[in-house]
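Participant: Heads up: the sequence shown is residues 1 to 292, going by the UniProt record's numbering.
It is worth saying that the hints were derived from the structure and are not from the lab.
Hints should not be assumed to be uniformly reliable.
Stated by the list, open to error - Calculated lysine to any residue pairs in the SDA-like style (CA-CA distance at most 25 Å, straight line):
1) K180 with T170
2) K145 with P210
3) K139 with P210
4) K88 with E41
5) K255 with F222
6) K243 with S286
7) K88 with P210
8) K168 with K207
9) K165 with R76
10) K86 with Q50
11) K237 with T220
12) K255 with R76
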Amino acid sequence: MKYLSYIAIGLLITACTTGVEKVDDKKEAPSTRSTGDGLSEAEKQIEPKQTIVDKKSFPNGIRIQWFEKNDGAPIRDGAVYEINFKTKLENGEIVDGNYKLQRDMLPFLVGYGMQTPGFDMAIKELKVGDFVEIFIPGKLARGKKGIPGIIPPNAPNIVMLRIGKEIKPTKVIDGVKVWKLEENPEMTDAVVGENSNVAIHYFVGTKSNPRYDNSYQRNTPFAFGMNDHSLIPGLRKAMLNNKMYDKLYILVPAKEAYGARGYVDLVKPNEDLFYDVIIMDVDGKSVQKNQK
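Build out the structure end to end from the sequences listed, making use of the hints.
Facilitator: Structural data, given as structure tokens:
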């Protein structure tokens, strides 16, 4: 099932981790199937072009050159967009991209460290529909640590990026925004209720401390009761009425999280939280499903 692939994805480098299951039937999405020359249709859409229509350099070392520059809406902090991208090193080696996950596009929340600091900085200079190449210096990519065996220390990143449409939240409750990115409609008997016991795999982070915790490192979903007093209010509101195996992005405003007090040295006072969640179990239903 698709949800199993997300568990593996969660163990990879901290890139976008999901796809959007529901697509616009009126607009054919690029295919991830090979076209005979080794490239999928999605990959072909982010191949460099000979004509550069604009370029911009920044004091921090980031450089952007546009192959296509559109009049779409500016990219907004805290919004989710479909992106088609690949990241390569200066030697041409491709180290990341949605096609590696067999996805035409990936949903990307701007401003919460889903990629590198330089990626977040650069994407805010773009508009919906833009197609660009971004040079990110090593200090704003994976830094001096790099990613062992994948990205060397202080290695610059070159990102080919096409911005798709904005993905609107599925629901908003008391300022808590929920994007349901994938679901299994057959899970009608595994719905999160007010008294449910739930298990999730997750990443959680803030703008200043992206992905400070995740369940994948422990190789065990986080289990909790919906009526647990320690559960932050915003997460409780977001989880309610979702189903087992739903894939969610959840943006919780500070007032529905840790508020003015923050949380030890992990969450600053008045910081919003971003959860990247897969619901793995509701009231023991996953065990029942696996036994059938």
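Participant: Hint by hint, say whether it matches the structure.
Facilitator: Structure-based check of all given hints:
Between K180 and T170 the CA atoms are separated by roughly 6 Å; this keeps the pair inside 25 Å, and the hint holds. Annotation: proposed proximity of K145 to P210 holds, straight-line Cα distance about 16 Å (limit 25 Å). About 16 Å separates the Cα atoms of K139 and P210, which keeps this hinted pair within 25 Å; it holds. With a C-alpha separation of about 18 Å, the suggested pair K88 and E41 falls inside the 25 Å cut-off, and the hint holds.
Pair hint K255 plus F222 holds up; C-alpha atoms about 23 Å apart against a cutoff of 25 Å. Only pairs whose Cα atoms come within 25 Å are accepted, and K243 paired with S286 is accepted, the gap being roughly 11 Å. A C-alpha spacing of about 22 Å is found between K88 and P210, which places the hinted pair at or below 25 Å, so the restraint holds. A C-alpha spacing of about 20 Å is found between K168 and K207, which places the hinted pair at or below 25 Å, so the restraint holds.
Taken as a hint, the K165 and R76 pair is honoured in the structure, with Cα atoms around 12 Å apart against an allowance of 25 Å. Straight-line distance between C-alpha atoms of K86 and Q50 comes to about 18 Å, which keeps the hinted pair within the 25 Å bound. Annotation: proposed proximity of K237 to T220 holds, straight-line Cα distance about 23 Å (limit 25 Å). For the hint pairing K255 with R76, the CA-to-CA distance comes to about 21 Å; that is within 25 Å, so the pair holds.
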